[in-house]
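**Q** Protein chains in written order, with the working numbering: chain A, 1 to 251; chain B, 1 to 178.
Please keep in mind that the hints were generated in silico from the structure rather than gathered at the bench. Check each hint, because a few of them may be wrong.
[Claimed, not checked] Each computed DSSO-like pair below joins lysine-lysine, with the alpha-carbon atoms no more than 30 angstroms apart:
1. B/Lys137 - B/Lys120
2. B/Lys137 - A/Lys162
3. A/Lys155 - B/Lys153
4. A/Lys155 - B/Lys56
5. B/Lys122 - B/Lys153
[To be verified] Ranges of calculated distance between the beta carbons of each label pair, as one might list FRET restraints:
6. A/Lys111 - B/Ile106: 21 to 29 angstroms
7. B/Asn154 - A/Asn71: 53 to 61 angstroms
8. A/Gln45 - B/Gly14: 23 to 31 angstroms
No residue lacks a Cβ here, since even glycine has one placed at the ideal position from N, Cα and C.
Residue-level listing of the chains:
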Amino acid sequence: MENNKKINLEFSNFLILYKHYKDYLLPSGIMLACILVVFIIVIPQFQQYFSSQDDLKVQVAKLQLLKDNYNFLANLSDAKANSDFTALSYALPNGKDFAGIMNAISYVSAKTGISVGDFNFSLGDLSNKSVDGVSAYPSVKIDVNLVGNSQAVMKFIDELYKTAPVAEVTSIKTSGDAGIISILFYYKPFPPQTIDVTAPITVLSNQDLSLVKNISSWNNTVAQSLTPVIPSSLFNSSVATSSAGQNTNPF
Amino acid sequence: MSNSINLVSTNVVGLEKELKRLKIFRVAAIIGLIFVSLLSVLAFVLNVTLPIESVKNQQKATITEISVFNKKLTQYTLLTDRVRNISSIISNRKDYGLNTSVLFGITPVDASIDTLNIEKGKLTMSVSSASLSSINKFIDDIVALGVKGKIVKNIIVQELTSNVSNGTYSLSIEADIP
Chain A
1 MENNKKINLE
11 FSNFLILYKH
21 YKDYLLPSGI
31 MLACILVVFI
41 IVIPQFQQYF
51 SSQDDLKVQV
61 AKLQLLKDNY
71 NFLANLSDAK
81 ANSDFTALSY
91 ALPNGKDFAG
101 IMNAISYVSA
111 KTGISVGDFN
121 FSLGDLSNKS
131 VDGVSAYPSV
141 KIDVNLVGNS
151 QAVMKFIDEL
161 YKTAPVAEVT
171 SIKTSGDAGI
181 ISILFYYKPF
191 PPQTIDVTAP
201 ITVLSNQDLS
211 LVKNISSWNN
221 TVAQSLTPVI
231 PSSLFNSSVA
241 TSSAGQNTNP
251 F
Chain B
1 MSNSINLVST
11 NVVGLEKELK
21 RLKIFRVAAI
31 IGLIFVSLLS
41 VLAFVLNVTL
51 PIESVKNQQK
61 ATITEISVFN
71 KKLTQYTLLT
81 DRVRNISSII
91 SNRKDYGLNT
101 SVLFGITPVD
111 ASIDTLNIEK
121 GKLTMSVSSA
131 SLSSINKFID
141 DIVALGVKGK
151 IVKNIIVQEL
161 TSNVSNGTYS
171 LSIEADIP
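Go ahead and model the full structure; you've got the sequences and the hints to work with.
**A** Shown next, in the form of structure tokens:
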């Protein structure tokens with residue numbers, strides 16, 4: 001009985017409060033809803049806007065890069081690119097270019113008037129690492145006997161350094177009218193690569209262009225009659241992968 | 001009597017205050033509602049008007065255009081790879097041409113280089129001449145080069161011999177090539 005009275009009393013209090021403050025309920029509800037909308041919708045929307053703006057900047061930069069790539073490729077001369085690539089591919093072949101090496105030695109011999117004796121090829125380490133020369137690059141080592149004095153041998157070397165494929169003389173031994181030189185002929189497989197159109201194209205610097213021009217003027221004993229050595233598989237799709245280590249040499 | 005009059009007066013004043021407070025509360029709620037609505041619309045419009053999709057579509061279109069030059073791009077990428085590698089090889093390879101040409105240049109006319117060996121940066125050579133003064137001049141010149149250290153350095157005269165049978169002097173030297 002006492003409990004019922006207490007309940008009735010609290011309920012009546014509630015009714016009194018409700019009647020007293022009922023006009024405040026709607027504005028309070030609106031204000032509460034506004035606060036909830038601000039925290040749940042408006043603030044996240046603005047956060048999304050700012051992050052979208054950052055994303056937009058990234059996407060615009062990416063688009064600009066793509067356009068730059070497109071313009072660069074559109075303006076790139078096919079003939080020039082072909083001839084440069086051909087010259088460079090003979091200067092640094094994709095694989096062991098024995099014919100190119102033989103031709104280079106014969107050509108230099110004929111040009112300098114220095115007779116060449118026996119050849120001695122050394123295929124070297126299967127790991128494709130050069131021991132004596134520029135160690136990051138695989139090479140074919142060849143010992144060449146020359147008939148000529150020291151000056152003649154040096155003349156031969158000088159001419160060899162201006163002939164494709166790129167070579168390095170690691171040892172010179174001359175005595176009287178005979179000499180033996182050890183030559184490393186470098187090669188480098190095409191990198192196993194994915195051609196990514198969204199990556200910036202590395203434009204050759206003036207120094208690089210000068211090097212290309214210089215190499216194009218090198219004695220090239222075989223290039224003229226042969227097609228470029230670029231593996232055709234690289235052209236098949238935008239995601240092209242070369243076969244590293246595989247000799248795609250046309251010889 | 002006096003108390004009851006005062007009580008009525010207080011209630012009226014309180015009621016007016018209450019009505020005023022309620023009015024302010026309602027106005028604040030309406031202003032808040034309008035403000036939040038405007039903010040919501042602004043945020044929505046800002047988000048909708050960002051041209052991300054348009055930029056992405058342009059990217060796709062440009063990629064399609066670039067794919068026409070796929071062969072050219074591949075070739076150019078490989079070309080830059082060749083340039084980089086050749087440049088590295090050429091800049092790192094040993095070229096003894098300058099060193100030997102200088103050595104040939106300081107060799108007296110009546111002297112000859114009998115042997116010349118270069119391997120792993122080490123030079124050994126022997127020079128012979130019928131004139132001892134020519135050998136002496138060669139030694140002076142090569143020592144001067146060794147002091148500069150650009151062509152040769154750490155020069156060691158291994159031996160100086162006289163061949164009585166043919167009347168020549170022979171000089172053997174060893175040096176490092178920098």
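**Q** Are any of the numbered hints broken by this structure? If so, which, sorted upward?
**A** Numbers 2, 4 and 8 - these are the hints that the structure violates, sorted from lowest upward.
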